[in-house]
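Visitor: Construct all of the structure, not just a fragment, from the sequences and the given hints.
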Amino acid sequence: MILRTERISKHFEALRAVDQVDFTLKQGQLKSIIGPNGAGKTTLFNLIAGIYRATSGKVFYKDRDITRVPLYATSRLGITKTYQITHIFPSLTVFENVRISAQCRRTSFNFWRTAHSLSAVNERVLDILEQVELLEKRNWLASTLSHGERRYLEIGIALATEPEVLLLDEPTAGMSCAETNLCAELIQKLNKSLNLSIVLVEHDMTVVMAISDEILVLNEGRTLAQGTPREVSDNEEVQRVYLGEDNACLA
Amino acid sequence: MDSITKQEMLKDVEPRPRSTIVWATAVALILLPLVISTPLATEILVWSIFGLGFNLLLGYTGVLSFGHAAYFGLGAYTAGLTLRYWHVGLWTSLAMGIAAPMILACFIGLVAIRRRGVYFAMISLAFGQMLYFLALSPLKDITRGEDGLTHIPSVNLFFIALEKPRNLYYFILAITVLMLYMTWRILQSPFGRLLQAFRENEERAKACGYNTTLVKFFSLVLSACYGGLAGSLNTLYLGYVPLTTLFWLTSGTIVMMTVLGGKGTFLGPLVGVAVFLFLQNTISLFTPRWELFVGAIFVMIILLFPGGIMGTIQEKYLNRKMIRLQRKAATG
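Protein chains in written order, with our numbering: chain A, 27 to 277; chain B, 48 to 379.
It is possible that part of the hints are untrue.
Heads up, simulated SDA-like pairs for lysine to any residue below, C-alpha to C-alpha not over 25 Å straight-line [to be verified]: (1) B:K368 <-> A:K215; (2) B:K375 <-> A:P255; (3) B:K363 <-> A:L171; (4) B:K58 <-> A:R139; (5) A:K218 <-> B:M48; (6) B:K368 <-> A:Y98; (7) B:K368 <-> A:E159; (8) B:K53 <-> A:T170; (9) A:K218 <-> B:D49; (10) B:K53 <-> A:N165; (11) A:K215 <-> B:M48; (12) B:K368 <-> A:K57; (13) A:K218 <-> A:E205; (14) B:K58 <-> A:P255; (15) B:K58 <-> A:T170; (16) B:K368 <-> A:T93; (17) B:K368 <-> B:V82; (18) B:K211 <-> B:V82; (19) A:K88 <-> A:Y98; (20) B:K53 <-> A:Q157; (21) B:K53 <-> A:G54; (22) A:K84 <-> B:N258; (23) B:K58 <-> A:R131; (24) B:K363 <-> A:H173; (25) B:K368 <-> A:E149; (26) B:K375 <-> A:S169; (27) A:K215 <-> A:T112; (28) A:K52 <-> A:E205; (29) B:K58 <-> A:A146; (30) B:K53 <-> A:E159.
Since the hints were derived computationally from the structure, they do not count as laboratory data.
Guide: Here it is in structure tokens:
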């Protein structure tokens, strides 16, 4: 078990955004979290990543308690997240965006060495840009990229931190169907070829069903169901909650 | 990808200083005292150093300090006081004039660093004004209060008398060049990139694994180092320390100069300082109400150059570069 939460809860005053959720992720697994809006998916992410402090419960990463570890430190431990709303460095170049992330583990408070001289870091940045298909656009300002490309860039930035667990918060949000399918392929590729453990929050059910090893269904902050895609889609309660949702991309 | 292809690709990702710009700046600075009066030229250099440091904080880190007079003034007073009372040499007074503001910045940093935006600006303003009033009255016996600190002995660089304006100018020019080089190195370093990442998106920088509170702290201390150096040099240049070096107007002036030149651009502070001081000096020859005219000119400059003079030029340049890259991508 690489990542596990134990009865984790986050209450905002009277609202129980996440309520006693037990979540587990095995090494190399691709697990999706689904649920209607407001089910607590992003809150659960933020609890794991160290953005929110849990009201109660615990988070373990490789059997180490990381419940109170702040965001920057969880990233250094190997858990990196992407955001639902794109978080990049808009007025820097694509290359620089990824490099800033890649240099973090090597050297961050170095005042004198030029960033250019860190050739191992720079070469790794090129590899990552190739993976997320932005190599040709390395000198573009991030702000000039299309929406889909920015989402890819954000995944690239996350990859550059050398994560073992990648938390992807609706990576395909706002993408066209064609882009969504490509992105799903990319996620699967990262999972299989780099052996990354991935947690995915995704609203597109066809994508979720196609690429997940396991699915956790949340509703109103509580676990509704958990299991393989087949088990979850056969679950009557899940069907009731999801009835009428439209998901057309992979069809 | 093999290593040779990579090296080839890495060649075009680095921003290199254009040699024409470097040489043009060097020539302009060397010839400056021949074109305008030497004291004015010296003042431009002193404030440029101040501006370089302020720009690191405001332009590159995106943190507005509205009390930077505290570092400038503390540097000025420390250099002045050590020269006057302790009769130290040139280098010692400069070193102390740099160290004291940096220590102050550590303190202010510890207290205020978690505040952001306008709250940080207000706290820094409060600290600045506190120092001003300290120098004005409780410490009047040593700072000479409103009269400013006078009777500062002149200093020599080895055997060169820095009393002579030209000598002082070229001495400060050497320091300015050093600071320009240092700033360039800092901006190209991993830390410099981190400053910009912080400015662009603090949350993302955290998610990349950076302790962003420390970033702001170091940036503030570094900026205070420049402020202190500029303040100390100002003392050498004026031969006395006016109380106004600590006044909030000084803080306001450096904000205005930096924004005018273009915050977040390398040469912005130099251009902003030069334009500001030149206008101030020229117009005040004709009218005591020079602020009125200078203000009107600023409004016009900012309307023409919304990102500051160098900021707007850089933006235009980048836009053209992006269009070129997009065309290349479309055809290739």
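Visitor: Does each hint hold? Answer for all of them.
Guide: Okay, the hints, checked on the actual structure:
1. Restraint check: the Cα-Cα separation between K368 (chain B) and K215 (chain A) comes to about 34 Å, which exceeds 25 Å; the hinted pair is violated.
2. Distance hint between K375 (chain B) and P255 (chain A) is unfulfilled; the C-alpha atoms sit about 44 Å from each other, more than 25 Å.
3. With a C-alpha separation of about 18 Å, the suggested pairing of K363 (chain B) with L171 (chain A) holds against the 25 Å cut-off.
4. Among the hinted pairs, K58 (chain B) with R139 (chain A) is consistent with the structure: their alpha-carbon atoms are about 17 Å apart, no more than 25 Å.
5. Pair hint K218 (chain A) plus M48 (chain B) holds up; C-alpha atoms about 20 Å apart against a cutoff of 25 Å.
6. As the CA atoms of K368 (chain B) and Y98 (chain A) are separated by approximately 34 Å, the hinted pair breaks the 25 Å bound.
7. Restraint check for K368 (chain B) and E159 (chain A): satisfied, since their Cα atoms lie roughly 21 Å apart, inside the 25 Å limit.
8. Of the supplied pair hints, the one linking K53 (chain B) and T170 (chain A) holds, its CA atoms being roughly 24 Å apart against a limit of 25 Å.
9. Between K218 (chain A) and D49 (chain B) the alpha-carbon distance is near 23 Å, which keeps this suggested pair within the 25 Å criterion.
10. Taken as a hint, the K53 (chain B) and N165 (chain A) pair is honoured in the structure, with Cα atoms around 14 Å apart against an allowance of 25 Å.
11. A hinted pair counts as satisfied when its Cα atoms are at most 25 Å apart, and K215 (chain A) with M48 (chain B) qualifies at roughly 18 Å.
12. About 42 Å separates the Cα atoms of K368 (chain B) and K57 (chain A), which puts this hinted pair outside 25 Å; it is violated.
13. Simply put, K218 (chain A) and E205 (chain A) have alpha-carbon atoms about 20 Å apart, close enough for the 25 Å limit, and the pair holds.
14. A distance of roughly 47 Å separates the Cα atoms of K58 (chain B) and P255 (chain A); the hinted pair therefore is violated under the 25 Å criterion.
15. A hinted pair counts as satisfied when its Cα atoms are at most 25 Å apart, and K58 (chain B) with T170 (chain A) qualifies at roughly 21 Å.
16. As the CA atoms of K368 (chain B) and T93 (chain A) are separated by approximately 46 Å, the hinted pair breaks the 25 Å bound.
17. Proposed proximity of K368 (chain B) and V82 (chain B) is contradicted: the alpha carbons are some 35 Å apart, above 25 Å.
18. Among the hinted pairs, K211 (chain B) with V82 (chain B) is consistent with the structure: their alpha-carbon atoms are about 18 Å apart, no more than 25 Å.
19. With a CA separation close to 18 Å, the supplied pair K88 (chain A) and Y98 (chain A) stays within the 25 Å bound.
20. Between K53 (chain B) and Q157 (chain A) the CA atoms are separated by roughly 14 Å; this keeps the pair inside 25 Å, and the hint holds.
21. Under the criterion of a C-alpha separation no larger than 25 Å, the hint pairing K53 (chain B) with G54 (chain A) is inconsistent with the structure, at around 30 Å.
22. Proposed proximity of K84 (chain A) and N258 (chain B) is supported: the alpha carbons are some 23 Å apart, at most 25 Å.
23. Taken as a hint, the K58 (chain B) and R131 (chain A) pair is honoured in the structure, with Cα atoms around 23 Å apart against an allowance of 25 Å.
24. Annotation: proposed proximity of K363 (chain B) to H173 (chain A) holds, straight-line Cα distance about 23 Å (limit 25 Å).
25. Pair hint K368 (chain B) plus E149 (chain A) holds up; C-alpha atoms about 24 Å apart against a cutoff of 25 Å.
26. Simply put, K375 (chain B) and S169 (chain A) have alpha-carbon atoms about 18 Å apart, close enough for the 25 Å limit, and the pair holds.
27. A threshold of 25 Å between alpha carbons decides the hint, and for K215 (chain A) with T112 (chain A) the separation of about 21 Å falls inside it, so the pair holds.
28. At most 25 Å may separate the alpha-carbon atoms for a hinted pair to count; K52 (chain A) and E205 (chain A) exceed this at roughly 28 Å.
29. For the proposed pair K58 (chain B) and A146 (chain A), the alpha carbon gap of about 14 Å is at most 25 Å, so the pair holds.
30. Using a Cα cut-off of 25 Å, the hinted pair K53 (chain B) and E159 (chain A) holds, with the two alpha carbons roughly 15 Å apart.
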